[in-house]
Structures are given as structure tokens and as C-alpha cells.
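Novice: Based on the sequences and whatever the hints tell you, model everything.
Number of protein chains: 2
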Amino acid sequence: MDTTEDSLRKALAEKQSAVEGQGNAVRALKAAKVAKAEIDAAIGTLNALKLEKSAIEQQLQAAVSGNGPDSSVNREAFRQAVVNTLERRLFYIPSFKIYRGVAGLYDYGPPGCAVKSNVLAFWRQHFVLEESMLEVDCPCVTPEVVLKASGHVDKFTDLMVKDEKTGTCYRADHLLKDFCNEKLQKDLSITAEKAAELKHVLAVLDDLPTEELGAKIKEYGIVAPDTKNPLSDPYPFNLMFQTSIGPSGLLPGYMRPETAQGIFVNFKDLYYYNGNKLPFAAAQIGQAFTNEISPRQGLLRVREFTLAEIEHFVDPEDKSHPKYPEVADLEFLMFPRDKQMSGQSAKRIRLGEAVSKGIVNNETLGYFIGRVYLFLTCLGIDKERLRFRQHLANEMAHYAADCWDAEIECSYGWIECVGIADRSAYDLRAHSEKSGVPLVAHEKFSEPIEMEKLVIAPVKRELGLAFKGNQKMVVEALEAMNEKEAMEMKASLETKGEVEFYVCTLEKNVCIKKNMVTISKEKKKEYQRVFTPSVIEPSFGIGRIIYCLFEHSFYMRPSKAGDEQLNVFRFPPVVAPIKCTVFPLVQNQQYEEALQLANDMQGQMNWVPFAITVDSTSSVTIRERDSKDQIRVNVEEAASVVKSVTDGQRTWDDVWSKFPHHSSGSTED
Amino acid sequence: MDTTEDSLRKALAEKQSAVEGQGNAVRALKAAKVAKAEIDAAIGTLNALKLEKSAIEQQLQAAVSGNGPDSSVNREAFRQAVVNTLERRLFYIPSFKIYRGVAGLYDYGPPGCAVKSNVLAFWRQHFVLEESMLEVDCPCVTPEVVLKASGHVDKFTDLMVKDEKTGTCYRADHLLKDFCNEKLQKDLSITAEKAAELKHVLAVLDDLPTEELGAKIKEYGIVAPDTKNPLSDPYPFNLMFQTSIGPSGLLPGYMRPETAQGIFVNFKDLYYYNGNKLPFAAAQIGQAFTNEISPRQGLLRVREFTLAEIEHFVDPEDKSHPKYPEVADLEFLMFPRDKQMSGQSAKRIRLGEAVSKGIVNNETLGYFIGRVYLFLTCLGIDKERLRFRQHLANEMAHYAADCWDAEIECSYGWIECVGIADRSAYDLRAHSEKSGVPLVAHEKFSEPIEMEKLVIAPVKRELGLAFKGNQKMVVEALEAMNEKEAMEMKASLETKGEVEFYVCTLEKNVCIKKNMVTISKEKKKEYQRVFTPSVIEPSFGIGRIIYCLFEHSFYMRPSKAGDEQLNVFRFPPVVAPIKCTVFPLVQNQQYEEALQLANDMQGQMNWVPFAITVDSTSSVTIRERDSKDQIRVNVEEAASVVKSVTDGQRTWDDVWSKFPHHSSGSTED
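Those protein sequences? They're chains A and B, same order as listed.
Residues in the first sequence are numbered from 1 upward in steps of one, following our numbering.
Residues in the second sequence are numbered from 1 upward in steps of one, following our numbering.
Quick caveat, the hints were computed from the structure, so don't treat them as lab data.
Incorrect hints may appear among the rest.
Across the chosen pairs, the derived CB separations fall in these ranges [said to hold, decoys possible]: (1) Lys-148/A to Pro-230/B: 31 to 39 Å; (2) Thr-651/A to Asp-629/B: 58 to 66 Å; (3) Val-204/A to Lys-643/B: 50 to 58 Å; (4) Asp-654/A to Asp-629/B: 30 to 38 Å; (5) Thr-651/A to Gly-648/B: 23 to 31 Å; (6) Gly-151/B to Ser-248/A: 20 to 28 Å; (7) Asp-654/A to Tyr-527/B: 51 to 59 Å; (8) Arg-27/B to Lys-514/A: 40 to 48 Å; (9) Val-459/A to Asn-47/B: 56 to 64 Å.
Owing to the predicted nature of the structure, the values given are computational and were not obtained by experimental measurement.
Each residue gets a CB set at the ideal place from its N, CA and C atoms; glycine is no exception.
Specialist: This is how it looks when you write it as C-alpha cells:
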């Protein structure tokens with residue numbers, strides 16, 4: 001707990017009793033009808049005490065709500081300026097705005113869409129292409145069985161309470177959090193002990209079991225914020241958008257809550273595609289969906305968003321990474337578990353040191369932390385407002401080996417934008433079990449070992465005669481049976497001679513006869529080690545990264561005339577929605593209109609990193625936005641010079657040192 | 001109707017009666033116990049007739065099922081070869097395959113994903129960037145009100161029938177289509193008249209009203225294909241995936257069936273962003289969803305797909321396009337309405353001629369047809385298997401001014417891949433009405449114009465006294481009268497003092513008295529024209545284009561050794577998933593393994609357009625896949641030469657003429 005705040009609360013409580021004591025004294029003197037001078041003196045003392053109390057109240061108010069450049073008031077004002085600029089310039093549009101919108105859904109307007117497309121192109125370059133990852137593109141519509149296996153059907157929930165009279169829904173933890181924050185910031189009369197309790201509740205909020213959360217809501221007398229009606233007990237609400245696949249209503253499905261599952265279910269094919277070799281990484285960019293109970297935090301917590309996820313599959317017995325040395329010397333803010341537990345803050349650590357000391361679990365995890373750092377800082381995220389925070393033991397899934405979040409500081413506080421987790425073999429095992437298809441890797445033994453194995457041998461001729469064009473689907477379904485299903489079929493075929501068999505891809509039952517398939521268990525010599533790979537998963541919330549990038553790129557500067565404030569996004573060329581503008585200054589009738597337009601747009605365009613001014617017929621000037629430096633370049637070269645810088649092939653410094661400089665006050669700002 | 005087939009059916013019917021007649025004759029001779037020689041002679045004639053009948057049957061069978069290179073059998077074999085290659089090389093993967101898949105859902109595997117990403121990047125370059133379109137990115141989750149306004153909630157349906165015993169669902173038109181096709185192809189005994197009737201049903205299938213479709217199913221005795229159970233009457237099934245937004249269950253939503261609506265609802269902001277000027281175009285790339293009843297046609301008819309849509313907003317009184325001259329001289333296969341109606345085939349027409357003759361409704365529509373042609377052919381779609389087919393009157397929505405589909409011929413026939421429609425003002429009007437937000441454009445007059453305007457002024461006090469709670473509905477109904485209705489009411493009120501008036505929202509007549517409303521015509525100065533823009537919509541089914549591209553790029557060639565067939569995709573560099581491979585031939589231990597790998601992969605890699613062979617330390621050769629031509633280039637230049645060609649900045653011919661040629665048999669094939 002903050003010591004200033006703590007001692008101020010104590011001082012306030014003491015002063016409050018002093019005021020009360022002196023008030024009683026004054027009343028007693030009045031009742032005793034003592035001399036007026038004596039009463040006046042006592043009243044003077046009382047007033048002095050009240051003034052002192054008021055001064056402490058002011059200090060405490062400042063301490064809890066903040067008053068520095070980082071205070072919540074200033075943060076909100078800054079955010080408002082950013083968000084207003086973003087919405088005014090159509091970076092974002094609340095979706096379906098003419099129908100009064102839907103909470104948690106936003107469109108990217110033209111410049112926002114260009115930024116997003118640039119961020120994704122850079123992500124693809126930095127991860128998929130440079131690391132030769134296997135990119136896939138799977139549907140959003142996902143059948144229930146997949147998300148049952150992954151655990152989402154049972155566990156992807158938030159606790160919800162309902163207004164008992166109107167039925168309006170609220171997130172239980174949000175109400176409790178709001179109550180605690182409001183009490184701490186606005187009720188100065190609470191004791192230091194009470195304040196400590198509320199702060200403790202805020203700290204453990206995410207881990208509170210349903211019953212305890214409900215008990216706290218009751219204990220604090222929290223009611224529905226809009227109606228003051230009583231609230232129901234909390235209960236879990238599944239956050240997936242549910243739907244139904246096909247017309248029968250019998251195949252439930254969901255809009256995927258993450259893109260990762262599409263990769264896991266394809267592991268077998270991808271491993272084969274990679275020449276049956278580990279390690280390899282697969283990647284996917286796509287939409288994901290979370291049916292938030294009541295979305296808040298504007299652009300950060302939305303119901304539909306773009307994820308970019310990597311699943312790096314690795315032998316659990318060897319998590320080294322060949323390119324790890326390339327990132328080992330990076331040094332940046334890390335926030336390991338022990339630092340969090342002991343109340344310290346994040347500190348600059350060399351990545352190589354964090355890995356060698358075992359703070360980061362293994363080299364591959366470390367490698368990706370380094371690559372994520374490079375990705376985010378190249379995009380324009382401020383190094384000083386980026387930290388890698390390790391999950392505490394209670395935040396991590398039981399199966400995870402280690403997990404780090406890239407958190408970016410913005411006006412909402414430190415926001416998780418990338419999660420980098422070593423999820424061990426959990427996901428592949430879950431899908432192996434549910435589907436009956438082994439999702440495993442192989443390592444050849446130096447000499448063979450004997451083992452028992454299930455063999456399913458469909459008789460294609462008979463199946464072809466019976467099912468014609470559907471033969472392939474039936475064969476695949478038979479081969480996909482797990483051991484239990486296969487042995488049950490074998491038993492039925494032996495006793496009854498035939499069996500009903502559901503083929504998903506045909507969406508119907510077919511009749512399998514004894515002559516159509518042979519099922520047996522055979523002793524086989526094993527020539528290899530078979531194991532489930534571990535997966536290291538860097539998962540990027542693209543929308544959150546983009547929003548933080550907007551905040552980090554934003555600054556205000558006075559216009560040239562000094563009469564208004566210009567809101568500028570200082571985007572690096574790689575993400576700038578427009579890379580370069582061209583201002584023709586040559587005296588020529590046909591350019592006049594263009595020039596006027598260019599002037600009109602200057603206010604709009606101050607986020608463009610380069611401007612070409614055509615002031616002669618043979619050469620042009622190129623101006624860089626932030627330094628305002630200008631160079632002179634031949635007309636034919638201009639486009640390729642700008643392109644080389646915006647593509648990241650060379651830097652402005654590089655260009656600056658190679659071309660003649662140009663100085664002219666006339667076209668600046 | 002095909003005349004050969006027609007005459008063969010008649011010949012077959014005649015021969016059949018001849019066989020029957022001769023059979024009767026033989027039986028009669030036997031019954032009359034005539035001499036054996038006479039009977040044998042008659043049997044000889046019978047057998048000869050049977051042989052002749054059999055020959056006609058064979059000819060008819062060939063005529064109906066085809067036997068040329070374009071026959072359905074050969075088409076299916078070709079498709080199987082393409083699809084097998086695509087699936088084996090992981091261009092596609094049936095989604096959730098380990099769970100036996102879901103009909104109509106496919107993943108793009110690594111090379112497919114790269115092709116898709118290249119196609120989308122090229123689309124963005126060709127349309128969004130070159131035309132300065134305003135790209136937006138809206139959510140898939142869409143509230144019901146938006147799709148109610150667009151008409152999808154009420155009309156986005158297919159007719160479905162159910163197996164009356166098992167409940168299995170089928171598309172009614174598919175069953176009827178299958179029945180007709182099967183009858184035509186396999187039942188050689190049907191008369192020419194019956195065949196003509198079945199062909200007519202196939203032709204009008206898409207337009208059959210529910211009742212007629214049901215009647216045909218009954219008339220032909222069509223039953224459930226799997227169980228032979230009777231079928232229900234057809235009824236409409238809405239093809240949108242439904243879901244619920246938020247936890248209350250009170251806000252129904254759908255996964256969008258197209259991306260266009262996201263643009264329409266943003267018209268007002270986009271128009272403002274464009275400086276309140278027309279024309280301008282907005283564009284969107286994104287997922288769309290159709291909950292198909294029973295998806296067929298493999299990769300062409302799926303339940304989730306990527307659309308790229310453009311909405312070009314234009315003044316309905318001026319549909320010229322400044323860049324139209326750039327495409328007017330293009331000449332390609334067009335299939336206007338009148339050619340289809342008169343049974344002719346598509347023919348090469350110069351686009352400028354089609355527009356000037358009014359075959360294509362307007363310049364802007366023509367411009368986009370030309371741009372779509374350039375887009376598809378640059379991607380690698382075969383010019384000879386691409387046609388632009390105009391919608392027939394009965395295919396088009398009532399509001400559409402004109403509509404053309406870019407159809408690509410593949411093994412499934414001519415497939416609609418891009419629709420280019422002039423949808424007039426329909427969509428903006430629909431959302432204006434539903435939302436109450438005017439989605440209109442303005443044109444300032446050079447000087448104000450005096451106009452006569454209808455003014456309907458309900459007297460709310462009187463209406464309130466008369467109709468209490470229904471006042472608002474009556475007011476709205478009065479204000480909604482058109483000029484004719486209002487002037488009639490004015491006349492009646494002046495003569496009779498009151499009038500009966502039907503209020504739709506109350507579903508009854510009310511009595512309007514003279515003191516309740518003032519109707520007049522006023523002269524007003526108008527300073528601007530206010531109108532709803534027309535929209536020209538090119539809409540691209542990206543997945544279909546990619547699939548057709550795969551078929552058009554596919555060919556088989558013998559391996560160098562001649563011992564096996566190589567399946568090759570001859571992708572143009574712009575879409576090739578891998579642009580270039582590098583084969584190190586320098587004798588150096590560290591390259592040995594790479595060389596082995598390169599050899600192993602050659603079979604896999606024959607869709608890569610360029611190969612660099614490193615055969616010296618100072619220079620390399622670059623080989624082009626199709627011509628097998630090789631050039632020699634300095635090591636430092638190699639990457640930029642390949643990049644310039646794959647980016648489309650220069651052609652191979654261009655490079656071929658600039659660099660020294662290299663000829664060596666040793667590294668070929």
C-alpha cells in the first residue's frame with residue numbers, strides 16, 4: 001500500500017476525532033454557559049482543526065486520484081484527444097453507427113484500414129517470411145467438438161450478474177472493481193484498514209471463485225448501477241458467439257474465440273508438409289470473436305478482433321533455437337514473477353541473461369520474446385512503455401511451462417497486447433484424445449523395439465461398390481476411428497455382420513458390412529520414438545497493438561500561425577497509411593487546383609512521413625516529417641528513394657548523407 | 001434442344017418399336033409352328049434390329065454424357081487430378097479434418113494461403129490503390145436491423161425439403177436438378193418430348209416458385225436420395241448463420257452474408273471523408289458466410305469465404321467515368337442478354353462498342369467490367385475461358401439497372417466469380433428509411449432555383465386530443481403522403497371538412513378533420529440538389545477466382561526420366577506462392593545437404609516461376625520456369641532482378657534482352 005496515502009488516511013482519521021472532540025467541548029462550554037470569550041476561543045480552536053482536516057482531505061484526494069502528468073484525469077484527457085482525432089479522421093468508426101451502433105464493434109475507416117494492412121504485412125514479413133513459417137487460413141465457423149476439446153465450451157466464461165428486476169446483465173468483477181475504485185477515490189472517510197482491504201480485493205479480483213465474488217457483492221451492498229435494483233448471484237456466461245451449422249439444427253458451432261485451434265487440428269498435415277521434421281512453426285492471421293458481457297475500454301475490449309498467432313512446435317526434450325544468439329543481446333524492460341511478488345517494478349534485463357538464469361524457461365521462448373520486442377519497436381511502440389511481464393503461478397494454466405505478456409503502457413494502463421506462452425503438449429494432446437487421431441512427432445530409434453498396434457484396413461473395392469462416389473469419405477471416416485470405436489465396430493461386425501456408422505462429412509449413417517473393413521491388433525516392431533511436441537505460442541492482438549501505436553505516435557503541436565493545435569500521428573514509414581504526398585509548386589495553371597487541394601489537406605495530412613515538393617521540372621525536394629530535413633533529388637529518382645525508405649531498405653539518415661540538402665523556409669510546416 | 005440428341009432419341013424410339021414388332025412376329029411364327037428356317041430367319045432379323053438399336057443407344061449415350069475432351073467424364077477426371085494435387089500439396093485442407101470435417105468448410109494450407117495473400121495484395125494494388133478507393137474493415141457480426149433493411153432477413157433463402165422420416169435436409173432445386181440430369185443421361189428410353197420437358201425444367205429451375213417446385217417434385221415422384229423416404233413440401237430456409245449479441249439474448253445478430261452492407265451504413269462518413277464529392281468508391285475485403293443447406297461443388301460452394309467488394313457511388317444523372325477511355329479498346333468475350341435469349345454463344349466484343357450501343361448500361365459499369373477483365377487476366381485466368389455474361393431480366397433484382405457476371409470456365413462449367421451490378425439507389429434508400437438517417441449527396445446550384453414544394457403540417461395539438469397515444473403514428477402517416485395523396489386529402493377536407501384516412505401502422509382508418517392538418521404548396525428557393533447516389537458494385541468471390549486460377553494454371557508433363565507424370569501449376573509470378581528457389585551447385589561441403597534437399601523438393605517445387613543456380617562465386621544463373629530460358633547475372637544483382645519481375649515492374653522478356661544468356665543442359669528440368 002502507498003505509504004503517503006496510508007499515513008494521510010491515519011492523519012485524517014485522527015484529525016476527524018480531534019474535530020469531534022473539540023465540537024463536544026464547545027457544546028459543553030455552551031451548556032455550562034461559560035464566558036463568551038472562553039467559548040469564542042474554543043470555537044477558534046475548532047475552526048482551526050477543521051481547516052487542518054480540510055487540508056489533509058485535499059492532500060488525500062490528490063494522492064488517490066493523482067495530479068501529476070500521469071494522473072487518471074490527465075490520462076483521460078489525453079485519451080479523449082487521441083480518440084477524437086481518430087474518429088474525426090475516420091481511423092475508426094463505431095460499427096452500424098446510423099443504427100446507434102453495437103457496443104464493442106468498430107470499423108476501421110480508410111486510414112485505419114491502411115495502418116492495419118501495413119501492420120499485418122509487416123507481421124507477415126517479420127514472422128512468416130523471415131522464419132519460413134507455414135501460414136494457414138481456417139474458417140471462423142467452428143464445430144462444437146473442436147472447442148469442446150480445447151476447453152472453450154466449458155471454461156471460456158466470465159461471471160455475470162443480472163439486475164433482478166430488469167434482467168440487465170453486468171460483469172460481476174467489473175461491478176466489484178468499480179465499487180472498490182470509487183470507494184478508494186471518493187470516500188475519504190474510510191479507514192486505512194478498509195482501504196487496504198479494498199486494494200487487496202482489487203489485486204485478487206481475477207482469481208476470486210464464484211462464491212467469494214458473490215459474497216463480496218452482497219457484503220458491500222452493491223446494486224445494479226442503473227436502477228439500484230438488487231443483483232442476482234454471479235454465474236458463468238460463455239463468451240463464444242454460438243450458431244448452428246447446416247439446416248438441421250443438430251450441429252452446434254461457434255465463432256472461433258482464437259485462431260490457434262485451426263492450426264492444432266492441422267498439425268498432422270503440417271508436420272508432413274515440413275518433411276516430418278521438428279521444430280517448425282505455423283501461423284495464422286484472422287478474425288476472432290468474444291461475446292463480451294458489457295464491453296468497456298473502448299477500442300481495447302471489443303467483440304470481434306484480428307488475431308495473429310504462431311504455434312511453434314518443438315521437441316519437449318530440446319527447446320534450443322538456432323537463431324537465439326541473434327536476439328540474446330537485446331536488453332529491455334522485463335518484469336519477472338519474483339519482482340512482481342516482492343512489489344518491485346520492471347527492470348532492464350539482457351534477454352540472454354534472463355534465459356541463462358532460468359527466468360525465461362527456455363531458448364525458444366526467449367527467442368520469440370526477442371522477436372516480439374523487435375516487431376513492436378519497429379512498428380513504433382515506445383521502448384520505455386513496453387515491458388514483458390511474466391505470468392504469476394495463479395495466472396497460468398496448469399499445463400503451461402512459462403508465459404510472458406508483452407504489455408504496452410497507454411492511457412488505460414499497462415495493456416496485454418501479445419501473449420508468449422510455452423503451452424507444453426496440452427493442445428495437441430487434447431485434440432488427439434478427442435479426435436482419436438494421434439497428433440505426434442517421430443524420432444527414429446537407433447535400433448527397433450516391439451509394440452502392439454491398431455490396424456484399420458478398409459476394403460476399398462467393396463466400399464466402392466456400396467458407396468460409389470462417397471467411398472472416399474467412408475474410407476476416411478473408418479480410418480479416423482480411435483481404438484475404442486474400432487474395437488467396438490470389430491465386435492459388432494463379428495457378432496451381427498454389419499453395423500450403422502455415422503459419417504460426418506456425409507452428415508448421415510451408412511451401413512458397414514463385415515467384408516468392407518478389417519480391424520486388428522498387430523504386434524509390430526517400433527523403429528522410432530513417438531511423442532507429442534510442445535508448442536510455444538506467441539499470440540498477437542492486432543487491434544490492441546494498433547491502438548497503443550496510435551497513442552504512442554500521437555502528439556500535439558501548434559500550427560505555424562500558432563493559432564491552433566495540430567494533432568499529429570508520428571507514424572514510422574512502415575505503418576503510415578499514406579507514405580508520401582506530392583505538392584506541385586511549379587507555376588502552371590493545371591497545378592493550381594492541386595496546390596489548393598494540397599494546402600487544404602495539409603491539416604489532414606500531417607501524419608504522412610514524406611512530402612515531395614515539385615518546384616522545378618528536373619528535380620524535386622523530399623522532406624521528412626519529424627526532422628523537417630529536406631533533400632534535393634532528380635525527378636526520376638524521387639519515387640524509388642521514397643520507396644526504399646518506406647519499405648525499410650534504407651534509413652532517412654542514409655538518404656540524408658547521400659543527397660544534397662535543401663533549405664527553404666517557404667514550404668515548411 | 002441438341003438436334004443430334006433429339007434425332008437419336010426419335011431413331012431409338014422407332015428402332016425400339018421395330019424390335020418389339022419383330023419380337024411379336026417371332027412369337028407369332030413360333031406359335032404358328034412354322035418351319036424352323038423361317039423362324040430362324042425372323043430371329044436373325046430381330047437380332048439385327050437389336051444390334052442396330054444398341055448402336056443407336058451407344059451414340060445417344062455418347063451424345064448425352066459427352067465423349068470429347070470437354071465431356072463430363074474427362075472434366076471430372078481433370079478436376080480429380082487438380083484437386084488431388086491441391087490437397088496433397090496442402091493448398092487446401094478440409095477444415096477440422098481430424099474430426100471428419102464439416103461439409104463446405106476448407107482451410108488454405110501454406111501454399112494456398114500464400115496464393116490467397118498474393119491475390120488479395122494484387123487486388124488491393126489494382127483497385128484500392130490505383131483508384132484511390134476508401135478501404136474499410138467492418139465486423140462480421142451484424143445486428144439484425146441492418147440485414148432486415150438490406151432484405152437478407154426476409155429474402156436470403158433457399159428452398160429446402162426434408163426427409164419425412166429422418167429429417168435430413170436437402171435443397172429442393174438440387175434434387176429436381178439431379179433427377180432431370182440423371183433421367184436425361186441414363187434413361188435412354190425417354191421420348192424426345194420428355195427430354196425437352198426435362199431440359200426446360202433445368203433451364204427455369206432457378207426461377208420456379210415454391211409451389212411449382214413442390215409440384216414438380218411430387219409429379220416426378222422424387223424421394224429422399226439416401227432413404228427413398230417421401231419428402232416434405234419445399235419451404236424457405238434462411239441461409240445466414242444466426243447468433244445473439246451480448247448476454248441478454250435480446251439482440252439477434254447474423255454473420256454477414258456479404259461485406260457490402262458495412263460500406264452502405266458508413267456512406268455518410270465516407271462521403272464527408274471524400275470532401276462531400278461524388279463519385280468515389282469504397283472497398284472492403286473480408287469474410288462472409290452462407291449456411292448452405294447441403295454444400296456441393298467442393299471448393300466452389302462453401303459456407304465461409306473471402307469477398308472483396310467495391311461500392312462505387314455515382315450521381316445517377318452522370319455515370320460517365322474519367323478513366324473509361326483507358327479500357328474502351330479492350331476486346332473480350334461478352335454474352336449479352338439478347339445473345340442468350342436467341343440461343344447464340346458469347347462473342348468477342350470491343351468494350352467501347354458494347355457501351356456505345358447501350359448493351360452495357362453506362363460508362364462506369366463498362367469501366368469496371370474492363371478493370372475486372374484486366375485483373376483476372378493479369379492473375380493468370382485464361383482469356384478464352386473468361387466471359388462477361390449479362391443477367392437476364394428475370395435474374396436481376398427489380399431495382400438493378402444492369403448486371404454482368406464475370407464467369408470463368410472450369411471443370412464445373414461456367415462459374416460466376418465476379419458480379420458487376422448497377423444497383424441504382426436501392427441500398428442507400430433502404431438504410432435511409434430504416435435508420436432515419438438520410439444517406440444522400442448534394443450538388444450546389446450555380447444560382448438558386450425556385451421550386452414548388454409540398455408542405456404537410458399536422459396540427460399536433462388537435463391530433464393529440466383526437467388520437468391520444470396513437471398521435472405519433474397518425475402524424476407520421478400524414479407526413480408520409482405523396483403529392484397526389486396529399487392534394488386529394490386537401491380537396492376532400494375543403495369540400496367535406498373531414499376524410500377517412502388509412503394508417504398502416506395502426507392497421508385501420510381514422511377520421512381526419514380540417515383543423516388537424518394544413519396542406520399547401522409553397523414556393524421555395526433551392527440552393528442545391530439533394531439526391532441518393534447510385535451504386536455500381538463489383539463483388540469478387542476470391543475463393544472461386546483462386547480455384548479457377550488453379551485449374552487454369554494446371555498442366556501435366558512427363559518427368560525428365562519420362563517415368564512419371566509431373567503435375568505443374570504454371571502460376572504467373574504475381575500469384576506464385578514461392579517466387580524463386582536457389583540451388584547451390586558450388587562444390588562445397590556445406591552446400592551438399594542443401595543440394596540434396598533442393599533435388600528432393602524439385603517435384604514439389606515445379607510451380608515456382610524462377611530458379612537461381614549458384615554455380616560460381618561471382619555470378620549465378622536465373623531460369624524461367626515456362627520457357628526454361630536462363631540468364632547470367634552478378635550475385636549482387638540477382639535478388640533485385642527476380643524481385644523486379646515478380647513485382648511486375650519488368651517482364652521476363654525485358655530481362656532476357658538485357659542480360660547474357662546461359663545455356664546448359666546439365667541443370668535443366
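Novice: Each hint needs a verdict: does it hold in this structure or not?
Specialist: Right, here's what the structure says about each hint:
1. About 36 Å separates the C-beta atoms of Lys-148/A and Pro-230/B, a value consistent with the hinted range of 31 to 39 Å.
2. One distance hint, 58 to 66 Å for the beta-carbon pair Thr-651/A and Asp-629/B, is violated here, with the actual separation near 38 Å.
3. The hinted window of 50 to 58 Å between Val-204/A and Lys-643/B holds, with their beta carbons roughly 55 Å apart.
4. Between Asp-654/A and Asp-629/B the CB atoms are about 36 Å apart, so this pair conforms to the stated range of 30 to 38 Å.
5. About 27 Å separates the C-beta atoms of Thr-651/A and Gly-648/B, a value consistent with the hinted range of 23 to 31 Å.
6. Separated by about 25 Å at the C-beta atoms, Gly-151/B and Ser-248/A satisfy the suggested range of 20 to 28 Å.
7. Between Asp-654/A and Tyr-527/B the beta carbons are some 55 Å apart, a value that agrees with the proposed interval 51 to 59 Å.
8. Checked against the hint of 40 to 48 Å, the C-beta distance between Arg-27/B and Lys-514/A comes to roughly 46 Å, which is consistent with it.
9. For the hinted restraint 56 to 64 Å between Val-459/A and Asn-47/B, the CB-CB distance of approximately 40 Å leaves it violated.
In this structure, the hints that do not hold are numbers 2, 9, in rising order.
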